[in-house]
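Generate the whole structure from the sequences, applying the supplied hints.
There are 2 protein chains.
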Amino acid sequence: MDATKEEINIALHEAQVAFLSYKNTSGKKKAELLRAIAQEIDALGNTLVETVMRETNLPEARVISERARTTGHCRMFADLVEEGSWVEARIDTAQPNRTPAPKPDLRKMLIPIGPVVVFGAANFPLAYSTMGGDSVSALAAGCPVIVKAHPAHAETSGLVAQAIQRAITRTGMPKNIFQHLYGKSFEVGQALVNHPLTKAVGFTGSLAGGKALFDIASRRAEPIPVFAEMSSINPVILLPDSLEKDFEKTALLLAASITQGVGQFCTNPGLIIAQDNSALEKFTTKLHDEINKVLPATMLHQGIADNYHKRLDQTLSQQGVKVEAQSDSKASSMQGQSLIASVPASEFLKNHLLAEEVFGPFSLIVKCKNLQELHAVVSHNSGQLTASVIGSEVEIEKHKNLFNVLIEKAGRLIVNGVPTGVEVCPSQNHGGPFPSTTDSRFTAVGTDAIKRFARPVAFQNFPHALLPDELKNENPLKIWRYSNSEWGKN
Amino acid sequence: MDATKEEINIALHEAQVAFLSYKNTSGKKKAELLRAIAQEIDALGNTLVETVMRETNLPEARVISERARTTGHCRMFADLVEEGSWVEARIDTAQPNRTPAPKPDLRKMLIPIGPVVVFGAANFPLAYSTMGGDSVSALAAGCPVIVKAHPAHAETSGLVAQAIQRAITRTGMPKNIFQHLYGKSFEVGQALVNHPLTKAVGFTGSLAGGKALFDIASRRAEPIPVFAEMSSINPVILLPDSLEKDFEKTALLLAASITQGVGQFCTNPGLIIAQDNSALEKFTTKLHDEINKVLPATMLHQGIADNYHKRLDQTLSQQGVKVEAQSDSKASSMQGQSLIASVPASEFLKNHLLAEEVFGPFSLIVKCKNLQELHAVVSHNSGQLTASVIGSEVEIEKHKNLFNVLIEKAGRLIVNGVPTGVEVCPSQNHGGPFPSTTDSRFTAVGTDAIKRFARPVAFQNFPHALLPDELKNENPLKIWRYSNSEWGKN
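These protein sequence lines map, in sequence, to chains X and Y. Sequential numbering from 46 applies to the first sequence in my numbering. Sequential numbering from 46 applies to the second sequence in my numbering.
Errors might be hidden in some of the hints.
Note that the list lumps identical chains together, so a pair holds whenever it fits in one copy or between two copies.
[Stated by the list, open to error] Restricting the straight-line Cα-Cα distance to at most 25 Å, the calculated cross-link-like pairs of lysine-lysine (BS3-like) are:
#1 Lys-445 with Lys-73
#2 Lys-517 with Lys-443
#3 Lys-443 with Lys-68
#4 Lys-523 with Lys-534
#5 Lys-148 with Lys-294
Source of the hints: derived by calculation from the structure; they are not laboratory data.
If you want it as structure tokens, here you go:
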């Protein structure tokens, strides 16, 4: 049942009340909560795995590994907030005798931004949904979370929400720091983003969906940030010498990356850019053989499958586009047939539609006459989550100028690897220039994702007892701070 | 002469070309540039001081101190980028034998975002204009800057722009990392913000102006961030015991803060909140005496003076508003008469207009019947740059719940001080919730202002030679990094 306007209004008011106490919760207590959530998710056992499999058609191994990623990021953020240095504490002590004017005592740290609305993602029913990267980083920051369950896995979402509630009860946290609403209609999302008490939004999904939420948020009386992770074709550039030598290995690597999870990853390599020569021919033949072997597989839900087939037909009907490989015919309308097409660079450069995402197991090979054309294709692309270059050490060095262009287009640059497989760690950046996200200055994966839901506050001339522990002279939490222009734990 | 669309287009293309080399400039070279700019501004000597005085009506002492602040922040950012740790380097080295999947080598740092458009501020012809806080932090980050000169001090702006150009030539930097355009019409600003190569905007000025630029930027095909510092009435809460004892000292402190620089500061205390009792009466009488002594002074320009008088008339005509003190009648329409009014809290709470900024030497005393009403008034306010509480140590402790509310409203909390006088240092936060700024997550003053113009990029499995120096194993720049979950200079 879709949440009503009244229910949404109550949810936000309850979130705000919960916020006023939760925001002052210590890192240690928040860590207990996040670890309890991980335990409760694990305790759902096979019920959760079976529910995800039934709702999303994802295979068991994938569901189990996604669950591990989800509980893993709960524990990672628990460690982060327990350690505590993430608040970026800065201290400048007073200089009362400074001339011409005395210097006041000034200290600064990050505090939570307020209630955060999270939209579950279709393609990550666990790791980017109810207790996904947005929810966990918002809760870690000290923000209450309101999740709108993804309609395609509403039961999974409900199970995880119950686990979270059990963890909240068990650790004695305010009940309404986490709330779970249902909504199939656009109006539910709209009302959540428009509510005056909502302070930030997390979203993973389509460009149309993310951009619509961004537009609503920007047009509010008080605009709020939207972190939408939307659309990326993740170009992979194949340099010629390495392709000549390793065409087989490269084809295997790319075939696996393109078809993994029926291509339903935001980091799926949707564009392969290479010089049109015999090496590329051999690579394409090998890729053809590999793709042909792929069994038909059911996509996440009918809407995603329909959209894939529509975008595929549209792409294949463009000038110059040629099918290079396809897996066995699909058995049902819910299945995603793996497909590789190619197009001459000259056509690609004329047709913006070919640079737009086809969400599914598809990749387009752009054949370039020479290196100049290859550079033109690279420059032509808009913002991406990732950009990869595959080449020998000598070639990579020779073509290092490519990175000078790619770095303006992407949030993560990869050498001799594929974009799928997003490591969850402090140095991860899952983000990038528009339209891959709505804010290239933040990551959606890894510890720094917490920064999206925090803002700095300075404390001037505060009585010592009223300072947050993070800013007290004796550094009771033993965190890293920048104090009087020195880094340290003093 | 207003820049034409064609000139704006050429400027952005030239900025982009300059960016492609400037972005790779070392911190050491950028530091040389910023120090040379400080020297060249100093070398303008009396010519600059006289020009500012003539164009803005600001007194000599203020102009000289503002110049020192401007060259001071150039040197502060020079030190910051020379030291280099601001890039937030993170390193996670590979674990090729990890199971179930090997961990790749992943490293991350901040890189400059691209060409930045800066709008000079009327009230800070030096420190927040041509080489103000926006320009200096963007240049420090590695972004080219295009300044639209403020029409009210176009000659000052031109002089500073020439000084910057001399510093660029002297240090051998790309000429177009700094460009200077003129524009009185809104269309010039609009075209600058709309240009596809513009990647961020810095603005200090009115709510209407800042919000208009934000709206343009959000509605672009590729939305970009706007850092607009706009509107704040900086509430000052006077607690009763301290007011009873120190009404005289407090009145002197506030009179000076309200009238300083003809009240033309974004941190001007425009709202005084106190319990209506004999202490407040004595305070108001003393404030009356102080304000009466203030000589009429000329405002920055006719537009600001006209707006001040209009907003003053509008405020004074509201239900319940009473004049408590005013300086000698203004001698000319360009002069800003200092004025203090009061209003019962019950009226204030009903009338949103009274919570809006009156830019000039004005403050409104909100008289509260009791502490409950005082809390209601504090909660009623929208986002602010600052909020101050003046009280005895015992009182502050007793009323510490006030800060739980104020922290949601303001970017800087002050105890026993006034909001004017913004210290430029690492722990400063000059920012706050909307409408004080368009993005509460960033500061416009202090070293962290650089973060506005940078975005993270991750490097996965990069050949060591191609990594930026900041991320190389041997840490050649000796910066602070977070490496394999340890902070250090290793």
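Status of each hint after checking the structure:
1. Lys-445 with Lys-73: Between copies, since 23 Å is at most 25 Å while 45 Å is not.
2. Lys-517 with Lys-443: This pair counts as between: shortest inter-copy Cα distance 19 Å, intra-copy 52 Å.
3. Lys-443 with Lys-68: between (52 Å within a copy, 20 Å between copies)
4. Lys-523 with Lys-534: both (6 Å within a copy, 19 Å between copies)
5. Lys-148 with Lys-294: between (63 Å within a copy, 20 Å between copies)
Going down the numbered hints, you'll see the structure goes against none, and every one checks out.
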